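Protein chains: 2
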Amino acid sequence: MSVQTSVSLPTLTNIATRLRIDSVRATSEAGSGHPSTCCSAADLVAAVFFAEMRYDPRDPQCVDSDRFVLSKGHAAPLLYAAWAEAGLLKRDDLLALRRLDSDLEGHPTPRLPFVDVATGSLGQGLCAGVGIALNARRIASDYRTYVLLGDGEIAEGSVWEAADVAVGQKLDALCGITDVNAMGQSGPTQWQHDLDALAGRWRAFGWHALTIDGHDLSQILEAFHQARQTKGRPTMILAKTLKGKGISLMEGKGGWHGKPVKKGPDLDKALAELESQFVADQDPAWSIRPPNVVARQPAKAGTIGPTAYSIGDSVATREAYGAALARLGAADDRIVALDADVKNSTFSEKFEQQHPERFYQNFIAEQVMVGAAMGLASRGAIPFPSTFAAFLARASDFIRMAAVSNLNVKLAGSHAGVSIGEDGPSQMALEDLAMMRAQPNIAVLYPCDGVSAERLVERAAYHPGPVYIRASRPKTPVIYGPDESFEVGGLKVLRQSDTDVATVVGAGVTVFEALKAYEELQTRGIAIRVVDLYSVQPIDAAALVRCAKATKGRVFTVEDHYPAGGIGDAVASAIAAAGYTVRRLAVTEIPRSGTPEELLDRFGISARHIVAAVTA
Amino acid sequence: MSVQTSVSLPTLTNIATRLRIDSVRATSEAGSGHPSTCCSAADLVAAVFFAEMRYDPRDPQCVDSDRFVLSKGHAAPLLYAAWAEAGLLKRDDLLALRRLDSDLEGHPTPRLPFVDVATGSLGQGLCAGVGIALNARRIASDYRTYVLLGDGEIAEGSVWEAADVAVGQKLDALCGITDVNAMGQSGPTQWQHDLDALAGRWRAFGWHALTIDGHDLSQILEAFHQARQTKGRPTMILAKTLKGKGISLMEGKGGWHGKPVKKGPDLDKALAELESQFVADQDPAWSIRPPNVVARQPAKAGTIGPTAYSIGDSVATREAYGAALARLGAADDRIVALDADVKNSTFSEKFEQQHPERFYQNFIAEQVMVGAAMGLASRGAIPFPSTFAAFLARASDFIRMAAVSNLNVKLAGSHAGVSIGEDGPSQMALEDLAMMRAQPNIAVLYPCDGVSAERLVERAAYHPGPVYIRASRPKTPVIYGPDESFEVGGLKVLRQSDTDVATVVGAGVTVFEALKAYEELQTRGIAIRVVDLYSVQPIDAAALVRCAKATKGRVFTVEDHYPAGGIGDAVASAIAAAGYTVRRLAVTEIPRSGTPEELLDRFGISARHIVAAVTA
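Residue numbers (the working numbering), protein chains in the order written: chain Z, 13 to 628; chain Y, 13 to 628.
These are computed hints drawn from the structure, not numbers from a lab. It should be emphasised that the depicted structure is a prediction, and the values quoted were computed from it without experimental measurement. There's no promise every hint is true.
Same chains, same names: a pair is fine if it fits in one copy or spans any two.
[Unchecked claim] Subject to a maximum C-alpha distance of 27 Å in a straight line, what follows is the list of computed DSS-like cross-link-like pairs (lysine-lysine):
#1 281 <-> 102
#2 274 <-> 487
#3 271 <-> 281
#4 102 <-> 243
#5 564 <-> 487
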């Protein structure tokens, strides 16, 4: 059976050979990299780029172009060679691979205009592909999403999380291609060349699965054709390949993972072998298939409007988060929400009720939730994935890669700290601030009341790059009025006088412990300055230094978090240059079940402990 | 077909009813918790505890006892009720559930002697079960491992990572039981009661899968029997159940996740309904099946013997790590190693070559690697799971739970920081110190040379609780002699004089940048104190304060890590109480590909930057 394309098989064969040559040359020049994995996938990439996908090679970010995600990011030279073949890159520039002065990095990053999400941490590409495919539905585009996986990386559970969500969402515009070269880094893969076993897994997960010879271009094109014809479910093409295909030195041989061909006789021989694989090609002019470009209104920022709360109301920040998100979603259809089966705890269900078509349920699978958010963000959506803050740790490596990609993902974690109470330590996030602050480009916001939660949702949505919003389980009193404004990088001084003997910096639930301590100390004639550090990163260092100076360098932080990497460290780092230090009140041991009040007190972060510290 | 057990079906029926009653009473008393999920699994738990498992109810840690892991940790009251039924707990104590003064926490933790690993972060139990089953093989015990999963949690990719490894390891002593009650927290599960679809997935992954009615005790017993007869592969029993089974108020109904029955008429009615389910039971005395206890030699700590390196040798700490681990493994057969297909980069292959029977390949699946290590550690092994430090982030939530459990897991991460060079940011760990330090009970060790790497492997093995060893990619010179000793919580002052103008604290590769800066400054007549902070946590605060004092408070840290949560924060926190602050040199932005030397310099942590900072 033959598939109609604008490009002949001999032409594709020659393209694949050029991609191999370029990949081998670039890695040899760099002295590191992965030519063998480029060679196994070269026919697949030639076919998808030059016979299958519809895109504008001069405008790789075109909204309606088909998308390609190189999940096996170590095959980066092959991707770069494809874009050179497409005309976007100069072929000679490929030889700058992995150099500090080139954007052609060892693994692809969005410094390059044709890379949507950074890859190189395996098992992430299909999750991103789910998000990219969901975005097509959001914007009513007919673009298709292709993800090239290695067979080694399907050992990552995140791949199977993506498999579930893709089926649940009926993503028939999503097509995976697994380059089954049967070799991992350190040895054979678990399933090696048993393509039927692999196909059985995808079928058991509800996918349309095809097995082909990944070096037979007509089989590859036919598989893409079948994928396009398949409705209601995604397709996975399992392509049997040989690592190092086309080069006798490495074809199908072990010991060639991540190893360039040595310059000199080895490289000369390899290149000569590849050159000999060019075939006669009398093909007339051919062209890349163009996308179906649709005119759209430009997006603009929305607002959530007036606050829903009055001073003295009692509302959990997690609930205010969900309500605010639902309202912002009404004003801006780029806003989408993703859940991992806790929407009734994070209150993202409020968004779902208003905007079911932009709410994506991932069930209990945090990696695909964040990975899909990365894909959505890469295509112009403003995604808010949320779950218990503790369980965002499950997606820690995705968050790391979202930071590498500087994607517009707005993470929200509820149930922070011991203040959740009886559920115990497994449900308490006490290291999430450390995880998020560690990434230099993640903004970390931590509202203490309903009004600040609302405003920070709005700020988060339009702050460029990744943002984390930390929310709490208990209801807290609303302390801010309707006109109060909040900035990424700001703080609020809630109590101050000329006679303050100490600065106490809290955030979230500990703001209220600090305020209680303030009241208690007032009765003893002692004044303290109380700061609500609602923006933990970036941090208002100048304001904190002013507070430190005004209180003679006596600065206390109190946080519902472990000591390392949290608010204490953030404040300490901010005021160190001015010569000030911090005394940290934090949860210093693994906690346990109890009531919220008991636990705040037991673990040293209640008002009583603040009073004791200040008066010590 | 009937299965021979020492307990009759009517007796088991009544036990299941008692477990339901206890679970409902305890959660109503606590005012929170999950009675509905206890009720769905009560028949399964009654059968596994009182007809299937062989154990000593007075000695739950008996080495040869069958193991039970409650992966669906929110059914904790059911677990506690089973141990009360077994006689270990007092029935009345069950009513202290979730109280600060009780160890019966909201989710199980190893504070309780019958809990091997803390659960409550879903999708982890089967990974731990893999490790527990591997341990049986290590110690030549015939104990079997049972893991009770919820159907919601199989959306977690980690479950499928465990599925792969269990098949690869042919773990026929591992038996999973999925309580398919078809309801998640916020709505129906993705696959609901389609047991055939679920079974198809397990079969596609190579498991023996059975579908049964989870409220039919004879079907449950028969399934356990079949699991025991199945050789060469693990078994998954998929049990169709109803959430809230036995209580008309909640049976099979939505809205009952995590909701206790209200005390008063609701509770009275529920308990009366359950009481009415007791059946006539003329059973003679029955007993729990005993384990096959085998006599074993007590374990004792080994040593790696004399160092393999001389001052001036050049070796990467990752390579010294692998070599030392192999040698320690020869002296202590509790030492085991786990890999995620990078053994030739972390050099754990050196351990595999010496001890293949204690080396467990997980392919590219870091969650099961760490989860299996948790299981192994819980049963007396001393596991060293290792991969690129960046990819340990994939297992961040497992590491969090390992800390909650205070398990003896020795994590090792190689390829830390920008010093890996050309591979680029996806492969660089720049937030691993923040992740590990965040847990208050993880010791964080960071050798700079071959000798310290060897000694710290030994220290890590015998330090109680979780440990992280950070290793580097580049070769570094050996600077320590054969008699040098290293302690968890120690540091080395490498250069000092009476005229030092600053303290420079490095670790790993930056120790050598600090030493280069020292040499450069010497030529200018400037002396600095150089510290190798090989133990980042715990930290030798007293020694750092002495350094700070001796150098008039001028303390610089330099680290191949982002600024937040790393060495700068650790040192700052350690010397804050003495009034000293730190100036931090760290990687302050997302890095990129380049040579190691270029990147150290470009991102501000090379000798040149240290010199500039000290002389500023």
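Status of the hints after comparison with the structure:
| no. | hint | verdict |
| --- | --- | --- |
| 1 | 281 <-> 102 | within (25 Å within a copy, 77 Å between copies) |
| 2 | 274 <-> 487 | between (64 Å within a copy, 21 Å between copies) |
| 3 | 271 <-> 281 | within (16 Å within a copy, 70 Å between copies) |
| 4 | 102 <-> 243 | neither (38 Å within a copy, 58 Å between copies) |
| 5 | 564 <-> 487 | neither (34 Å within a copy, 48 Å between copies) |
Of the numbered hints given earlier, the model fails hints 4 and 5; all others are met.
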